[in-house]
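Visitor: Starting from the given sequences, assemble the full structure and let the hints guide the process.
Protein chains in written order, with this note's numbering: chain A, 1165 to 1277; chain B, 3 to 112.
Hints may be right or wrong, so weigh each one.
As the list claims (entries may be wrong) - The calculated lysine to any residue pairs, modelled on SDA-like cross-linking and capped at a C-alpha distance of 20 Å, are:
#	chain 1	residue 1	chain 2	residue 2
1	B	K44	A	W1186
2	B	K44	A	K1180
3	A	K1180	A	V1276
4	B	K44	A	S1251
5	B	K44	A	I1190
To be verified - Some but not every residue of chain A turned toward chain B, in silico, with C-beta under 8 Å:
#	residue
6	Q1205
7	G1206
8	D1220
9	L1255
10	Q1266
11	F1268
12	G1271
As the list claims (entries may be wrong) - According to the in silico footprint, chain B covers these stretches of chain A (three or more CB under 8 Å from chain B):
#	segment
13	1207-1215
14	1235-1241
No lab work stands behind these hints: they were computed from the structure. Here the structure is a predicted model, which is why all the values come from computation and not from measurement. Quick reminder that beta carbons are idealized off the backbone N, C-alpha and C, glycines included.
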Amino acid sequence: EAGVVQSPRYKIIEKKQPVAFWCNPISGHNTLYWYLQNLGQGPELLIRYENEEAVDDSQLPKDRFSAERLKGVDSTLKIQPAELGDSAVYLCASSRGGGSEQFFGPGTRLTVL
Amino acid sequence: GESVGLHLPTLSVQEGDNSIINCAYSNSASDYFIWYKQESGKGPQFIIDIRSNMDKRQGQRVTVLLNKTVKHLSLQIAATQPGDSAVYFCAENAGNMLTFGGGTRLMVKP
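Guide: Laid out in structure tokens, this is it:
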């Protein structure tokens, strides 16, 4: 069974530029999560989707961050414009349902210069 | 606010010895706890979990202990191997939301 796929794996951009991350969850997993992980810290939830509906986005900085999961499968997380403090690893995870075991992708390491 | 934290940021053990990684939590409403292992350049990987109505659960070479009285969670790894070197996170689940602690780095000396 293929795991959670994320791309790109690494991204370097200058501040004020836009950036997008893509996630393909495990087949059949209805729940998709985006997390932010700073160096040496645990992941922090940004947004959770149940199928195509965002059911928890309270931690998503909506002034510059946006996400979508139009067909309830793949998801895209966007930052526009990026700031220096956005440098981190962005992790995507999926599960069969809320409360079930979450499977994480390898993450996208973002560096904002 | 409610938080999940770890006592030690780095743990160094000799290969073959047992490792114990500790975690304190404060949200008494959490009903489910999970330990994750994260290797460099990878996402967190599920190791073992325990529900709040249990105090001990064993897996292959790993044991999780839950002490609800003092809100303490520990991960025991038997016969630690070089492949166990990683950062370990505890996480608590409440209302379908996972909250992670800050992580402990386990270093295994040959």
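Visitor: Would you mind marking each hint as holding or not holding in the structure?
Guide: A quick look at each hint next to the structure:
1. B:K44 - A:W1186: 16 Å, holds
2. B:K44 - A:K1180: This hinted pair is violated, its Cα atoms lying about 28 Å apart.
3. A:K1180 - A:V1276: 9 Å, holds
4. B:K44 - A:S1251: 17 Å, holds
5. B:K44 - A:I1190: 16 Å, holds
6. Q1205: At about 6 Å, which falls below the 8 Å cut-off, the nearest Cβ of chain B leaves the hint on A:Q1205 intact, so it holds.
7. G1206: A:G1206 check passes; min Cβ-Cβ to chain B is 3 Å, inside 8 Å.
8. D1220: 7 Å, holds
9. L1255: At 5 Å from the nearest chain B Cβ, A:L1255 passes the 8 Å test, so the hint holds.
10. Q1266: 7 Å, holds
11. F1268: 3 Å, holds
12. G1271: 5 Å, holds
13. 1207-1215: holds (count 4)
14. 1235-1241: The restraint on the segment 1235-1241 of chain A is violated, since only 0 of its residues have a Cβ under 8 Å from chain B and three are required.
When each numbered hint is compared with the structure, violations occur for hints 2 and 14.
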